[in-house]
Amino acid sequence: MVEFEPKIVGFFCNWCTSSAADLAGTSRLQYPPNVRPIRVPCSGTVDPVYLLRALREGADGVMIGGCHPGDCHYITGNLKARRRVKIIKTILESLGLEPERLLLAWISASEGKKFQRVVTEFTEKLKQMGPSTLSKKWK
Amino acid sequence: MAEKPRIGVFVCHCGLNIAGVVDVKRVAEEAKKLDGVVFSTTYVFMCSEPGQKVVENAIKEHKLNGVVIANCSPSLHEKTFRNAAARAGLNPYRVEIANIREQVSWPHEHEPEIATRKAIAVVRATVERVKNNMTYIPYEVPVTKAVLIIGGGIAGIQAALDVADAGYEVYLVEKSPTIGGKMLFLSETFPTLDCPQCIETPKMTDVSQHPNIHLMTYSEVESVEGYLGNFNVKIKRKASYVDFDKCTGCTDCLRVCPVKAPNEFDRGLTKRGAIYMANEQAVPLVAVVDEKYCIEVNFQKRVKAGKVKPREKPVCSKCVEVCEADAINLLESNEKIVEVKVGAIIVATGFELMDMKKLPEYGGGEVPDVIDALAFERLLAPSGPTAGVPKRPSDGKIPKSVVFVSCAGSRDPEHGVAYCSRVCCMYLAKQAMLYKHAVPDGRAYNFYIDIRSNGKGYEEFVQRVREEGDLIYLRGKVSKIFRKGDKVVVWGADTLTGQKVEIETDLVVLATAMVPPPEIKKLAAKLRIPTDEYGWLSEAHLKLRPLETVTAGIFIAGAAQFPKDITDTVSQASGAAAKVLTMFSQPKLKREPIVAEVDTEICAGCGLCKEQCAYDAIRIDEKKNISVVNEALCEGCGACAAVCPSGAMRLRNLTKKQVIEMIEVLTENY
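Note that the protein sequences, when read in sequence, are chains A and B. What the first sequence shows, in our numbering, is residues 20 to 158, in sequence order. What the second sequence shows, in our numbering, is residues 135 to 804, in sequence order.
For the record, the hints were derived by calculation from the structure and aren't laboratory data. Predicted model only: the values in this text are computed from it and were never measured. Among the hints, a few may not be true.
To be verified - Cut-off 27 Å, straight-line C-alpha distance, at most; resulting in silico cross-link-like pairs (DSS-like, lysine-lysine): (1) B/744 x A/108; (2) A/133 x B/656; (3) B/614 x B/492; (4) A/132 x B/744; (5) A/105 x B/744; (6) B/790 x A/108; (7) A/105 x B/790; (8) A/105 x B/791; (9) A/108 x B/655; (10) B/677 x A/132; (11) A/133 x B/677; (12) A/133 x B/791.
Stated by the list, open to error - Residues from chain A that keep clear of chain B, each with C-beta distances beyond 10 Å, as calculated: (13) 55; (14) 90; (15) 108; (16) 142.
For glycine and all other residues, C-beta sits at the position ideal for the given N, C-alpha and C.
Working from the sequences, and respecting the hints, build out all of it.
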C-alpha cells in the first residue's frame with residue numbers, strides 16, 4: 020500500500036520562517052516535501068479564512084511560521100497570529116476536526132535546523148493522523 | 135489586472151543547483167499549458183546578463199504583462215528581475231519569484247520526481263498570483279540627513295567621524311559616561327602593540343570637537359518611531375546630577391566622596407566614589423553621580439517617596455561643597471528626554487564578556503585570583519591600577535606564574551556559546567608576552583584548543599611570541615580550577631603528549647566568551663531589528679549585506695553583529711557610514727508601494743483595521759466614514775486586511791483573491 024502523504028500548506032513570514040526555510044535549503048538540510056509554501060510578509064498577514072480555506076480545499080494540515088514573540092518585524096503581527104490561531108482551533112474542534120492539524124511555530128531566520136525539525140515532525144504527525152475528513156464532509 | 139493575462143514563466147537551471155534535481159524542462163512545459171501563460175522557457179543562469187536579456191526580450195516580444203521567475207530565494211534576485219522588467223517597460227511589481235532552489239531543489243535533493251512536482255505546484259501558484267498583480271509606483275519620501283549612532287566604542291566613533299566629515303549631523307549616544315568603549319580598557323593592541331591611549335584617544339577628541347557631532351554620553355535610546363529616512367528618536371539623558379557644561383573635570387569631587395563602589399573601568403579590581411569619572415581620558419572629561427550609590431541622592435529619593443522626613447542640612451554634600459564650578463546638584467534629578475529626527479541609524483553596541491559566575495568549574499566568581507582577560511588587560515595597562523606590573527587581586531603580590539585559559543565558555547555549546555570569540559588566541563599571546571616583559575622570571579602557561587590567528591600579521595605575531603617568550607603552550611582543555619592555600623590549582627590535559635597536567639599557579643586568566651550586552655534584546659525590539667539565537671544583531675545577509683539589518687535605514691557596525699577585532703570593527707564602521715552616506719546622497723528615498731489600500735466603495739469605516747495597525751498608519755475619515763491608509767507610514771504587514779470583515783482593506787499584490795487562488799493550486803493533487 021502506498022503510504023499516505025499529507026498535503027500541507029505553509030504560510031511563512033518573509034522575515035523569519037521563510038528565511039529559515041531558505042537557510043535550511045542553503046545548508047542542504049533535507050525534510051519531507053509535503054509542505055507547499057506561501058511566503059507572506061508576516062504571520063499576522065494570514066487571514067483566518069486562508070486557514071479554513073486551505074483545509075476545505077483538501078489540505079491535511081496548515082502551518083504558520085512566524086518570528087518569535089518580541090521579534091516580529093512588524094512589532095506584534097505574530098501575536099495577532101497567535102490569537103487568531105487559538106480561535107480557529109476552537110472552530111476546527113466544533114467542526115469535528117483535530118485542532119492539531121493547524122500548527123503555529125516560531126522559527127527565526129537563523130533557525131534552519133528548527134525549520135527542518137518542525138516540518139519533519141508535523142509531516143510525521145499528520146501521517147499518523149491520516150487524511151483530513153473535512154474536505155470530504157464539506158463537499 | 136484588468137487586461138487579459140499574458141504571463142511569461144522563466145525557469146532557471148542555476149547550473150545544476152536546480153536542474154540537478156528538478157526537471158526544469160518539464161516545469162517550463164507544464165507552465166506553458168497554464169491559462170494565461172503565453173511564454174515559458176528555461177535558461178542555465180537566468181540571473182546572468184544573457185539570462186536577464188532572455189527575460190527582457192520575451193517581455194517585449196510577447197507583450198508580457200506578468201512575469202514569474204522560478205529560481206532562487208526572492209531575497210537574492212527579486213530586485214534583479216524587477217529591474218530587468220523595468221528596463222523592458224514592464225512595471226516591476228508585475229514580477230514575482232517562485233523559489234524552487236532554497237525551498238525545493240536543495241532540501242529535496244534525493245527526490246527528483248517529488249521535487250519536480252513541488253516546483254510545478256509552486257510555479258503554478260505564483261502564476262495565479264501574478265495574474266492579479268497590479269502596477270504600482272514607488273512612493274517617494276524626503277530624507278532627514280542626520281544619523282543616530284548608538285554606542286560610542288571604536289565602531290561608533292569611526293562611523294560618527296566618517297559621516298560627520300562628509301558634512302552631515304551625527305547624534306552619538308553612549309550609555310556610559312565616556313566614549314571609547316572596550317578598546318580603552320586594553321593595555322596594547324595586537325599585533326602592532328599600539329596602545330589604545332595613543333591611537334584611540336585622538337579619535338575621541340575629534341568626536342568631541344567635531345562641529346557636526348552631538349555627543350550624548352550617559353544616555354540611552356528610549357524609543358524609535360518612523361521609518362527609513364524619517365526616524366523620530368527619543369533619547370534619555372540619564373540623571374548625572376552634574377551639569378556637563380559647567381564641570382571642568384578638575385577631579386576635586388572625586389577625592390572627597392566617601393562612597394566606595396566597584397570601578398567598572400578596572401573591572402571591579404579597584405573602587406571609585408559615587409561621583410566618579412570613567413577614567414582620566416574620558417571624553418567628555420566630566421564627573422557623573424551614580425544614583426545607585428550616592429548617599430544624598432538616595433536620601434532625597436526616600437524623602438520624595440515619603441519614607442523619611444526632609445532635613446534642613448543635606449546628609450552628604452561633600453562633592454557639592456568642593457565644586458568650584460558649581461556643577462553639582464544632588465537635590466534634583468537632571469534626567470531628561472531629548473527628541474531628535476534622523477534619517478538613518480547605526481547600531482554599534484559592542485559586546486560584553488561572559489559573566490565568570492557561569493564558569494564555576496573554573497572558580498569563576500569564587501576564586502579571587504581567577505580573573506577575566508579584560509581585568510588582566512587593566513593589570514597590564516600602564517594607565518591601570520598597578521601601573522602595568524600585574525599584581526594579583528587576593529594579596530597584591532606579583533604573580534610568579536600565570537595560566538591563561540582559552541575558550542572559557544566559547545566553542546562550548548554547554549555554556550550556550552557554540553561560536554569562537556575570534557580574538558582570544560591573539561590577545562592571550564599578547565598578554566603572555568606583556569606579562570613576560572613585566573615579570574621576566576615569571577612562568578606563563580597557555581591552554582588552547584587550536585590557535586586561530588587568521589588576520590594580517592597575526593600568525594607571525596603568535597609565532598614571534600612563542601619563539602621569544604619562553605612560554606608553555608599546552609594543547610588541551612582545562613577541566614577544573616580551584617583554590618589551594620594561596621595558590622590556584624589548574625587541572626587540564628595536554629592532548630599532544632596524552633598526559634594529565636596539574637599546575638599550581640599564582641594567577642589564572644580566563645579568556646571568557648564574548649557575548650552580546652544584556653540590554654541588546656530591549657534595544658533591538660525598540661528598533662524592530664532581529665537578533666540571532668545568541669542575541670547578536672542579525673544582518674540582512676551574512677555574505678552580501680553584512681552591514682544592513684532587515685529594517686531599511688538601520689545599519690550595524692562592530693561587535694554588535696558578532697565578535698570581531700578592532701581592524702574588522704573599524705572597517706565595518708566605515709562601511710556602515712558609507713551606506714548611510716549613499717542614502718543621504720539621494721534627494722528623495724523610494725519606499726515600496728506594496729502596502730495596504732482601501733476599497734472606498736466597500737469600506738464602512740468600522741475601524742477594526744485601525745486597531746490592528748502597529749504603525750498608526752490608518753485613520754478613519756469621519757466625514758466619508760472610511761479608513762484611510764497613510765502610505766508613508768504603512769509597512770505592508772497586512773494585519774489590517776486580515777481582520778477586515780468586508781474585504782475592503784487589502785494588501786497590494788497579495789490580496790485575498792490572490793492568496794486563495796494560490797491555496798487552491800497548492801492543495802491540488804500532489
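Hints and how they fare:
no. : hint          : verdict
1   : B/744 x A/108 : holds, 25 Å
2   : A/133 x B/656 : holds, 24 Å
3   : B/614 x B/492 : holds, 14 Å
4   : A/132 x B/744 : violated, 37 Å
5   : A/105 x B/744 : holds, 22 Å
6   : B/790 x A/108 : holds, 21 Å
7   : A/105 x B/790 : holds, 21 Å
8   : A/105 x B/791 : holds, 24 Å
9   : A/108 x B/655 : violated, 31 Å
10  : B/677 x A/132 : holds, 19 Å
11  : A/133 x B/677 : holds, 22 Å
12  : A/133 x B/791 : violated, 31 Å
13  : 55            : violated, 4 Å
14  : 90            : violated, 5 Å
15  : 108           : holds, 17 Å
16  : 142           : holds, 12 Å
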